[in-house]
Amino acid sequence: MGEIAPLACGRDAAVVWDRAEAGLPLDAHGRDCPHCSATYAEARRLDVAVHRMAEEPVQMPAQAAEAVLGRVLETARSRIRPEEALRLDSPLGPNRLARAAAATALRAVVDAMDGMRARSCRIAQPGPDTAIDVALTVVARFGLDLAHATAQVRRTVFAAGEQALGLPVRRVDIEVVDLWEA
Amino acid sequence: MGGVTLHVADAAVTSVAAAAARQVPGVVAARTDLAAELVRVRIAVRLGDNCRDVAEAVQRAVTHTLAELAGRTALVEVTVAEVVLR
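Each protein sequence line maps, in turn, to chains C and R. 1 is the number of the first residue of the first sequence in this note's numbering; add one for each residue after it. 183 is the number of the first residue of the second sequence in this note's numbering; add one for each residue after it.
In short, the hints are calculated from the structure, not lab data. From the three backbone atoms N, C-alpha and C, an ideal C-beta is built for every residue, glycine too. Careful: at least some of the hints might be erroneous.
Said to hold, decoys possible - Simulated restraints, written as ranges between beta carbons of each label pair:
(1) C:Ala159 / R:Leu257: 28 to 36 Å
(2) C:Gly93 / R:Gly185: 31 to 39 Å
(3) C:His29 / R:Asp192: 50 to 58 Å
(4) C:His35 / R:Leu257: 43 to 51 Å
(5) R:Leu267 / C:Asp178: 16 to 24 Å
As the list claims (entries may be wrong) - Calculated from the model, a selection of chain R residues having no Cβ within reach of chain C, i.e. all distances over 10 Å:
(6) Val186
(7) Thr187
(8) Ala194
(9) Val195
(10) Thr196
(11) Val198
(12) Leu216
(13) Glu219
(14) Ala252
(15) Gly253
Could you put the whole structure together from the sequences, leaning on the hints where they help?
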């Protein structure tokens, strides 16, 4: 996912999405704000649709899977602008990695950890080298030692950056935005 | 005997490039297009395979295959467009 522009009211859209996805009501500002209310409603509709689709059984022949991937790549081609891609070093000339793809990978490794789920993942590559800065929001299982768990997330993201993406990680910021009860 | 001129159409070049990219381990799908002498390759990579290494391997494979089969020397740029979860 590329950088998410703040809403017209200045609030981070990801914060509103997180509340909608978690089923939490809007806060006082959000209830009175048309931008937050509209974003919240849209996120709730999407959440319902995604859950309905996730419950439907999927049977996809190999040819159909290839066709789907083809469409994904065609879509990606039209969407990936230079500023939406991360640079990958290569002796044959620079290659690129879509930010959305990198975020998918890092979210997946966090989701695989016990008691942690990634909500959002933003990746910046601010310097002339390929090192990245990662900002994650996560939800944690209630009762988890948050200091220990977030330290583990940080180590995992550092390792995954190098091993899965091929990009050194310079900085990892983690915000625990919610807890869930098992 | 007179000389022989070989012309490989752009569509054939992109097909060869895509086929070469798909042979690289870790590549799930590949699409290519050609702009002047720049071959752009977009790939989907399995989660767990190193994106930088796979992209470089695709770049080498496509460069080599185009030179070998089509006699084309081209600059190849690879974009990892998707990471596919297993």
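Task: Minimum Cβ distance from Thr196 of chain R to chain C greater than 10 Å, as the annotation requires - done: Fine: 13 Å to the nearest Cβ keeps Thr196 of chain R off the interface.
Open item on the list: Please check whether the beta-carbon of Leu216 of chain R is more than 10 Å away from every beta-carbon in chain C.
Closed with: Holds, since 13 Å exceeds 10 Å.
- [ ] Examine each Cβ of chain C, and state whether all of them lie more than 10 Å from the Cβ of Thr187 of chain R.
- [x] For Thr187 of chain R, whose nearest Cβ neighbour in chain C is about 29 Å away, the distance exceeds 10 Å, so it holds.
Open item on the list: For the hint 16 to 24 Å, verify it against the beta carbon of Leu267 of chain R and that of Asp178 of chain C.
Closed with: 23 Å, holds
TODO: Report holds if the minimum CB distance from Val198 of chain R to chain C is greater than 10 Å, and violated otherwise.
DONE: Holds, since 17 Å exceeds 10 Å.
Task: Given as non-interface: Val186 of chain R, partner chain C, CB spacing beyond 10 Å - done: Consistent with the label, Val186 of chain R stays out of reach of chain C, its closest Cβ about 30 Å off (over 10 Å).
TODO: Against chain C, does Ala252 of chain R hold up as non-interface, every C-beta pair farther apart than 10 Å?
DONE: 18 Å, holds
Task: Range agreement (Cβ of Leu257 of chain R with Cβ of Ala159 of chain C, hint 28 to 36 Å) - done: About 33 Å separates the Cβ atoms of Ala159 of chain C and Leu257 of chain R, which means 28 to 36 Å holds.
TODO: Examine each Cβ of chain C, and state whether all of them lie more than 10 Å from the Cβ of Gly253 of chain R.
DONE: 19 Å, holds
- [ ] Examine each Cβ of chain C, and state whether all of them lie more than 10 Å from the Cβ of Glu219 of chain R.
- [x] 12 Å, holds
Open item on the list: Just to be sure I understand the hint, the distance between the Cβ atoms of Gly93 of chain C and Gly185 of chain R should be within 31 to 39 Å; is that true here?
Closed with: 33 Å, holds
Task: Beyond 10 Å from every chain C Cβ - status for Val195 of chain R - done: 17 Å, holds
In summary, this structure violates none of the numbered hints.
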